[in-house]
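Trainee: Sequential numbering of the sequence shown, starting at 933, is according to the numbering used here.
If you are wondering where the hints come from, they were derived from the structure by calculation, not from laboratory data. Each hint should be verified, as a subset may be incorrect.
What the hints assert, rightly or not - As a list, the in silico DSS-like pairs of lysine-lysine whose alpha-carbon atoms are at most 27 Å apart:
id, residue 1, residue 2
1, LYS1038, LYS1092
2, LYS1057, LYS1085
3, LYS990, LYS953
4, LYS1038, LYS1091
To be verified - Restraint ranges, calculated between C-beta atoms of paired labels, are given here:
id, residue 1, residue 2, range
5, GLU950, VAL1046, 21 to 29 Å
6, GLY1082, CYS995, 18 to 26 Å
7, ASP1042, HIS1062, 24 to 32 Å
We treat Cβ as the ideally placed atom computed from N, Cα and C, and that holds for glycine.
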Amino acid sequence: MRILFVGATCFELYQFFENLKEWPNNKGPVLHYSWHNLDIDLLITGLGTTVTAYFLTKALSICSYDLVINAGIAGSYREEISIGTVVNVKTEEFCDLGIEESDSIKTVFDAGFVDPDDFPFHKGKLMNPHWYENLELPAVNGVTSNITHGSLKSIERIKKEFDPDIESMEGAAVFYVCLSEKVPFLEIRAISNYVNIHNNEKWDIPTATENLTNEIFRFLRKFSAIRQLS
């Protein structure tokens, strides 16, 4: 089985990949590793939807994968999804694609520019049919934005229009590409902060990345065991 991990930055996945066996003469943009009986590739795209969509599409055009996993940190819109929690994202929306009005955001679907059921969208959302309920992680709805929201006004607009659980800068791009290319995928995120007025002192990236790493290995152990039995 060949799995492609997609991350925005190296530091989000460093703890994971330092525990894998690296192939000799490993050169980017896709790096090759192995773990037990699994072939694991790493693609670091950079921040945001544009570079993520570009580099992921290019990677999928070069190699076939059994599964794509978008892994990284995220901000939580809900107090009950606390910092350090690892979540399984089952739906995504582009929350910065549309028209900003005085007191609201009108999506491209609301404005009539795009049919909300044009593939790969369903009622304006990107929905993962492969989100693996047996992961035993909280299943959440995500929004994706090319900026991290840090003003109360913009945060309240996002809450009102999308009612999200978490926010990232790449998730919807991975959903869009993988759904379009019909490649099974997952988005696994660890909460590093609450979406609020920016205060880096309240972020906890070390705990988030440590918990993310632990959950990734737990997931891979299951996959490795299934492959040994097949």
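Trainee: Which earlier hints turn out false for this structure, listed by number in ascending order?
Mentor: Hint check: 5 and 6 fail, others pass.
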